[in-house]
Amino acid sequence: MSEQRRISEEMQNAFVDGELDAAEWARVAEAMGRDETLRRTLCELRMTKELVQGAYASLPSAPRRAVRRARNNARWAIAASVLFALGGWFSHAWWTKAPELDPASAYTLGRFAATMDQNLVLVHVSNGERESLGRALDEVEDLLRAARESGRSIRIEIVANRDGIDLLRAGVSPHEARVTALRARYANLELVACGQTMQRLGERGERINLLPGIEVAPSALDEVVRRLQEGWVYVRA
Amino acid sequence: MGIRLLFGRGAAVRREVEHSRDVLYRVAFAWCHDAQRADDLVHEAIEKALRNAAQLRDPKRLRGWLFRILANCLRDQQRARRDEVALDAVEERLVAAGPTPEEAHESAELVVKVRLAVARLPFGQRQVVTLVDLEGCSYSEASEALEIPVGTVMSRLCRARQALRTHLAPLATEQSETKLRSVK
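Top line first, the protein sequences correspond to chains U and W. Residues 1 to 237 (my numbering) are what the first sequence spells out, left to right. Residues 1001 to 1184 (my numbering) are what the second sequence spells out, left to right.
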């Protein structure tokens, strides 16, 4: 039986809106790991939310009075300081706002206990354009450098699928040298390719050589779900 | 913001109100999809808020308080005009006012489609989804601003998202298919 029956529609929306308490959040996250239909529904809900957000990011000015363009400031205030370093992505990013665990509930939550650390950032890259990938790398590098300079421990993972996978392909990546250098300089940067995208490219007869040190996840979605369950902050480049 | 508001509260509230103009404009626009009308509404709401700045007891609730004033202004206006504007007119306006030049061409069409899907929602649902999605209001904040129970916020949100998903899912699929086709 589908988990969706047990996770009510209200709860699904509340999950997407970061309105659940820790125990409820963990329940949905766990169900999501098992139930693909639920996962897809939640993805669609998020996408809907994201589309609505994006549709009002810049507005027509009123004819009479000029109105300054506004960014969506309110949501950003919720994010940890680490996210502020990501500046440029904000207008395109969505993430799951996991509730903070109080020590009591963390104790009962077992494997979710030590999670939800805002110093864990998952960056999802699915666009293969040179400039877009370059901007993503700029942001990641800034963040890594700032963290190192301030002695903060941080982990960043770039997961790439669709066209974005080019970033990690030897002989194809428009930023091959830079990716290799970043990887060498920062051990706390992990790079993960989507297995499904690789399979699809393989079926079309493309030869895929990944750069050294790149891991392959079964799929980008699986990786995102896994990291969200571990409390990572999700950012879409 | 908290500390500043505790001291010399009236003046500080007034400053904050002035700074909220952009946020209010976005919400007002998403509620009525008419730039001119949204601007008038914001103007009216800000005037009202400035006049009543002393009434705000808890500075942390400033945003919800402002949204409530905005919602009341719109309600009064609708009562006076008795016109829930025809959707055709909204569609025309959205296409005309449409996306700003800085938006890329292909996303421009998407923006109009999404705004139209939002405009199609019953007004109550549109208000809730706008506060939650655009302004990141919590359910309880939205409930206070719109003076409805949290349960109603949740059920309206469910129905709104369901309708939006139905309208927007084909777009999302279309987009990803275009993307897939463009993978060499």
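Rather than coming from a laboratory, the hints here were simulated on the basis of the structure. Bear in mind the structure is a predicted one, so any value in this text is a computation, not a measurement. Do not rely on the hints blindly, as some may be mistaken.
[Stated by the list, open to error] Chain W regions said to be covered by chain U (calculated; three or more residues, Cβ under 8 Å):
{"id": "1", "region": "1023-1033"}
{"id": "2", "region": "1050-1056"}
{"id": "3", "region": "1134-1140"}
{"id": "4", "region": "1147-1161"}
[Unchecked claim] DSBU-like, lysine-lysine: derived pairs with alpha carbons at most 30 Å apart:
{"id": "5", "chain 1": "U", "residue 1": "49", "chain 2": "W", "residue 2": "1113"}
{"id": "6", "chain 1": "W", "residue 1": "1060", "chain 2": "W", "residue 2": "1048"}
{"id": "7", "chain 1": "U", "residue 1": "49", "chain 2": "W", "residue 2": "1060"}
[Claimed, not checked] Just the calculated beta-carbon pair ranges, DEER-fashion:
{"id": "8", "chain 1": "W", "residue 1": "1166", "chain 2": "U", "residue 2": "212", "range": "57 to 63 Å"}
{"id": "9", "chain 1": "U", "residue 1": "209", "chain 2": "W", "residue 2": "1015", "range": "57 to 63 Å"}
{"id": "10", "chain 1": "W", "residue 1": "1051", "chain 2": "U", "residue 2": "151", "range": "49 to 55 Å"}
{"id": "11", "chain 1": "U", "residue 1": "142", "chain 2": "W", "residue 2": "1015", "range": "28 to 34 Å"}
{"id": "12", "chain 1": "W", "residue 1": "1166", "chain 2": "U", "residue 2": "218", "range": "45 to 51 Å"}
For each residue, glycine too, the CB sits at the ideal point set by N, CA and C.
Hints, verified against the model:
Only residues whose C-beta sits within less than 8 Å of a C-beta in chain U count toward coverage, and the region 1023-1033 of chain W has 5 of them, enough to reach three; the restraint holds. Closer than 8 Å: that is the beta-carbon criterion, and the region 1050-1056 of chain W has 0 residues meeting it against chain U, so the requirement of 3 is violated. Figure legend: the region 1134-1140 of chain W, annotated as covered by chain U; annotation consistent (6 residues with Cβ-Cβ distances under 8 Å, at least 3 required). A stretch counts as covered by a chain when three or more of its residues have a beta carbon under 8 Å from one of that chain; for the region 1147-1161 of chain W and chain U the count is 5, and the coverage holds.
For a cut-off of 30 Å, the pair hint linking residue 49 of chain U to residue 1113 of chain W stands: about 14 Å separates their Cα positions. A threshold of 30 Å between alpha carbons decides the hint, and for residue 1060 of chain W with residue 1048 of chain W the separation of about 19 Å falls inside it, so the pair holds. Under the criterion of a C-alpha separation no larger than 30 Å, the hint pairing residue 49 of chain U with residue 1060 of chain W is consistent with the structure, at around 25 Å. Under the hint 57 to 63 Å, the C-beta atoms of residue 1166 of chain W and residue 212 of chain U, about 46 Å apart, miss the expected range.
For residue 209 of chain U and residue 1015 of chain W, the hinted distance range of 57 to 63 Å is satisfied, since their beta carbons lie about 58 Å from each other. The hint said 49 to 55 Å for the Cβ distance between residue 1051 of chain W and residue 151 of chain U, and at roughly 50 Å that hint holds. Restraint check, residue 142 of chain U to residue 1015 of chain W: a C-beta distance of roughly 32 Å satisfies the suggested window 28 to 34 Å. Under the hint 45 to 51 Å, the C-beta atoms of residue 1166 of chain W and residue 218 of chain U, about 30 Å apart, miss the expected range.
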